[in-house]
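Trainee: Using the hints, position chain X against chain A.
Number of protein chains: 2
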Amino acid sequence: MNVLTVGSVAIDTVETPYGRLERALGGSATYASIAASFFAKTGLVAVVGGDFPRRYINLLKRRGVDLAGLQQIPDGKTFYWSGYYEGDMNQATTRETLLNVFESFNPAIPERYRNVPFVLLGNIHPALQLEVLEQMHRPRLVFCDTMNYWIQSEPKLLEKVFRKVQVVCINDGEACQFTGTSSLLSAAARLMKLGPRWIIIKKGAHGVHLYGPKNFFALPAIPLTKVLDPTGAGDTFAGAAIGHLAGARKLDENTLRKAVAVGTVMASYCVQDFRCRRTVRLTPKEIETRLRQLMSYVRFS
Amino acid sequence: MNVLTVGSVAIDTVETPYGRLERALGGSATYASIAASFFAKTGLVAVVGGDFPRRYINLLKRRGVDLAGLQQIPDGKTFYWSGYYEGDMNQATTRETLLNVFESFNPAIPERYRNVPFVLLGNIHPALQLEVLEQMHRPRLVFCDTMNYWIQSEPKLLEKVFRKVQVVCINDGEACQFTGTSSLLSAAARLMKLGPRWIIIKKGAHGVHLYGPKNFFALPAIPLTKVLDPTGAGDTFAGAAIGHLAGARKLDENTLRKAVAVGTVMASYCVQDFRCRRTVRLTPKEIETRLRQLMSYVRFS
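So the sequences go chain by chain: A and X. 175 is the number that the numbering used here gives to position 177 of the first sequence; each next residue is one higher, with no gaps. 238 is the number that the numbering used here gives to position 240 of the second sequence; each next residue is one higher, with no gaps.
A few of these clues could be false.
Heads up, the list lumps identical chains together, so a pair's fine if it works in one copy or across two of them.
[As the list claims (entries may be wrong)] In the DSS-like style, the derived pairs of lysine-lysine whose C-alpha atoms are separated by at most 30 Å in a straight line are:
1) K256 <-> K191
2) K256 <-> K224
3) K256 <-> K212
4) K191 <-> K158
5) K158 <-> K256
If you are wondering where the hints come from, they were derived from the structure by calculation, not from laboratory data.
Looking at chain A on its own, in the form it has when it is part of the complex (with noise of 0.2 Å):
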């Protein structure tokens, strides 16, 4: 196993223009796992409860996600979100949030898990994120994610997070608000002082950034007429990426920038349609196919 992805597994009910989708499977662990199995040997470490489908367990299985991390908890419910997304959709309404068994989620990391070199720490607790860390055996590379609400309350915490990982990946609201500032540019500097060599700034529709030790790097999202559901693409983005990353041979800039693409393109497809309902289908050559478009796509000399 080469990837390692820590975060939540949730039942959604979500609404957006195009429809409504009930207890559907979500969650940053979710996405994120799905997205790197299609790039590498994937696990996953998080929590559900007793009324967790059996369905959504198979359909991680038959996209190959070790699920030995994964704990059950029979009497417990598994985290349930739900929530709307209305006119350009760049930001969720939440109607109810019930943790749920991820209240009291310790999570333990299996001990075949410790030696994983690549580990994304999607959005949780902080906290959380800093208990995986101690129990993994120096990995290559962490990957971390977090959202505003963990900036507000937990910000020290998550400073001690940013402190240990090589790679921050959050979006420019986040970026801004956790830095104090509005420039993204300043808020990457300020991030990469803490320690990480690597920030990934997601802009949803207006593209990504990545900001190195040398240079920096922008794409642009996969022009698209429809945005069906923007649930998940974060983590899907998050977890291609790394899955990439622990694929390549070298960690240098070009790597790092193919992986923003690859994560761009999984992304794309993965708001295309609700859920992961798109992303589990694709086929390495959709992958590719959409990646040479997103390199026509910059091109000029």
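Mentor: Frame of chain A, contents of chain X only:
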């Protein structure tokens, strides 16, 4: 002369978080002609009043801008705008707009301007844009900009203008407003149906999109830690882009892409100081250096 820019020449008082400038040189045709002058022999059609400072005339002359088309109404006052930028400075708040001589402006194109092959219709009343086009002898390429105000008040006239130009160059909000869609890809497709071969959508700090008959192209903005004054960035972009096209031998996809890159570079210099302070004193080497930087920002394999 290769490029003709039509639009406003104004006196502006602007305030940003970084300072305040009283009665400075502004206006869409000012920014555009200064930017274009770095790449092509450029003329300007606009109107000013008797109060227009001699030093601003000299500034434009020093940039080699042909002023035969600049009408001066001795007993009139120059178009005046005052406003301020706050926060992320994405949008100016207007304090005062005095149209003055602009109220009765009739763009009279000097005879020797009528064969100019590249025409930039800066942001003015679409009726005036049409008047300009009627006086021109089959220009090779017409670029057209506008603003939300005309989209709302004169959509029919504006559509008439769009039907007569080869390049529509507007910002993302305006593109969505005019076409009634929230996807830039759909907005560009609808605009192209009216006739223009190329649609350039400016997204401020998020960069720029170019939609063409066969392809899509995107560039990020040059990352900056500080934007001193965003005014005129769009006009500077358009002026530089059409200036580059006027100097190029063909008008194929790659030439348009390069023009968008040149525009991006010039716009980035523009916003690094108040008004056109930075752009007027640029050197070809500075432009070339940043263009190479921009190329490196999107390169991956």
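Trainee: Next, verify each hint and record whether it holds.
Mentor: These are the hints, each one checked on the structure:
{"no.": "1", "hint": "K256 <-> K191", "in the structure": "within (24 Å within a copy, 35 Å between copies)"}
{"no.": "2", "hint": "K256 <-> K224", "in the structure": "both (25 Å within a copy, 29 Å between copies)"}
{"no.": "3", "hint": "K256 <-> K212", "in the structure": "both (16 Å within a copy, 25 Å between copies)"}
{"no.": "4", "hint": "K191 <-> K158", "in the structure": "within (13 Å within a copy, 53 Å between copies)"}
{"no.": "5", "hint": "K158 <-> K256", "in the structure": "within (28 Å within a copy, 44 Å between copies)"}
Consistency with the previously given hints is maintained throughout, with no hint failing.
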